[in-house]
Amino acid sequence: MDEEYKKEAITDKAIEEGTDRVFLNEKARDKYHLDAHDLDRVQRRLKQRHVQMIAIAGTIGTGLFLGSGSALAAAGPLGALIAYALVGTVAYSTVCSVGEMTTWAPVSGTFPHFAARWVDPAFGFAVGWNYFYTNAISTPVEVTAATILLTFWDSNIKHQPIYIAIVCIAICSINVFGVRYFGEAEFVFSCIKITLIIGLILAGLVIDLGGGPDHDRIGFRYWKTPGAINRAGLVSNINTDRFLAILSVIVQASFSFQGMELVAIAASETENPRRNITKAVRRVFYRITIFYILGILIIGMLVAYDNPNLLLNAQTAAQSPFVIAFNTAGVQVLPHIINACIFTSAFSAGNSFLFCSSRILYGLALRGQAPRVFAICTKHGLPIVAVLTTSCFSLLAFMSVSTSASTVFTWFVNLSTTGGFFGWFSINLTYIFFRRGMVAQGFDLRKNTYNNRFQPYIAYWGCFWTVIFILINGFPVFFKWNVSSFFTSYINIPFFVTLYLAWKIIKRTPVWKPHEMDLVTGIPSIEETEMPEVPPRNVWEKIAEVVF
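Once you know that position 105 of the sequence shown is 105 in full-length UniProt numbering, the rest is easy, because the numbers rise by one and skip nothing.
Worth flagging that the hints you see were computed from the coordinates, not collected in a lab. Since we're looking at a predicted model, the values are computed, not measured. Do not take every clue at face value.
Said to hold, decoys possible - Estimated spans, in silico, between C-beta atoms of each pair:
{"hint": "1", "residue 1": "L501", "residue 2": "V176", "range": "43 to 49 Å"}
{"hint": "2", "residue 1": "L445", "residue 2": "E528", "range": "39 to 45 Å"}
{"hint": "3", "residue 1": "I506", "residue 2": "T378", "range": "51 to 57 Å"}
{"hint": "4", "residue 1": "V206", "residue 2": "N538", "range": "32 to 38 Å"}
{"hint": "5", "residue 1": "I526", "residue 2": "F475", "range": "24 to 30 Å"}
{"hint": "6", "residue 1": "I526", "residue 2": "W481", "range": "30 to 36 Å"}
{"hint": "7", "residue 1": "L311", "residue 2": "F454", "range": "38 to 44 Å"}
{"hint": "8", "residue 1": "I337", "residue 2": "T498", "range": "19 to 25 Å"}
{"hint": "9", "residue 1": "I337", "residue 2": "V467", "range": "17 to 23 Å"}
{"hint": "10", "residue 1": "W481", "residue 2": "D241", "range": "56 to 62 Å"}
Beta carbons are placed, not taken as given, at the ideal position from N, Cα and C, and that holds for glycine.
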């Protein structure tokens, strides 16, 4: 639809309804860059299969395959299961919230732009830069994890800088080549990860039931001895100490879940974004249930929480609870296969975080909240300056090589985790504001491509728990005081508040009232984004339709 005609049509409707909403929207558009529709130069090159596989396994990395072992050691099988289940519900609420907003407005900048548009421009500024930083730092974290995994075969420490350089170049090259290459790479990596997870769960179940070489039927033996929940060792009261152990695993669990919102960030570069994101969001529940919850349940059955191998700091497949269980059962060949697959998972996660952070930076630049140079795109729709700038963060992985710099690098790792909590909180809070605006302005939420019948309650659930996660993130430091641990656990709170207040004071931004929110400007219509759905023509296309 022609833009001028659209404005006239909206204005006529506003006059009939007797509201000044359109005037306020146009004022906001001019002052806060809400309408970047004509400036957005990215192209929709991600296909349906790319989006679905990214949604299913895009950011699954070492947090699930290796971190689950330390979670088991810290809280025991039931404690780890409770922590992962709780964080899973919060992750699900977050994905549902961002999915509903994104299917309404599949534009660049995604939820930081939504926060600026429907909550407060200053809030969007703080959310955007916090989330950019979180993902940019997560890239070298995954690069480091990938190179450490290679020490499973090559223990020569002198080779680590070479491996870091190779992984950095590979990840940056995939992103520089464009979104289509990123999509194809993630499609392959996701297939490997899904195959690995399903294979490990099935193999673990077989071993637990006595199908391994030693024919030892394990069952729930380790839930009885040494027990279902471990102690944190912080207080003398047993029940309180067990509760604290579960709390300690929440941060570890959240690192495994972070990045699920990636599929929404890629909306502006996705073919048929409303249809594909709707399908992807609806599958997230099954991803959480099968991959995370079932996976944690299986490892809790296979390995005792006091197994000394869980406390190894190898950060390779040797630390994986699945490998520990397979070695105990007498299966020797799988560790090498698992380590190779975990390496591709770490590589994939780093690749995804780089993509995510570059698109957030691009979205901020489009709307005047970052230097406009980051909005420059190639003729193929690649935000080249944002990608190259974000790629530089991957070089921080070299800090892990130096003993003196490794402590600082560990701070970055911890900060990236806490920053993710702020991202989840902002998504759920923005959805609450968005819903209020939709209702106040007479829009029917049920007519949106994706609509969750449990909203806004799951958004309230997500807001509540992310605040709790932020507050308890570093609670062990109050039992055993450590300045650096306190700093890395809570510095994100004043950092976020400073970003918000600085932009609010300088720009004097308002908190949008429901009738003032701009829910129309610059948002492409369904006819502009969605192509007619082609029915499958043969059996293979029918299978692909079900899978992807």
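Hint by hint, here is what the structure shows:
no. : hint                     : in the structure
1   : L501 to V176: 43 to 49 Å : 36 Å, violated
2   : L445 to E528: 39 to 45 Å : 21 Å, violated
3   : I506 to T378: 51 to 57 Å : 32 Å, violated
4   : V206 to N538: 32 to 38 Å : 35 Å, holds
5   : I526 to F475: 24 to 30 Å : 47 Å, violated
6   : I526 to W481: 30 to 36 Å : 56 Å, violated
7   : L311 to F454: 38 to 44 Å : 40 Å, holds
8   : I337 to T498: 19 to 25 Å : 47 Å, violated
9   : I337 to V467: 17 to 23 Å : 41 Å, violated
10  : W481 to D241: 56 to 62 Å : 18 Å, violated
Hint check: violations occur at hints 1, 2, 3, 5, 6, 8, 9 and 10; the rest are consistent with the structure.
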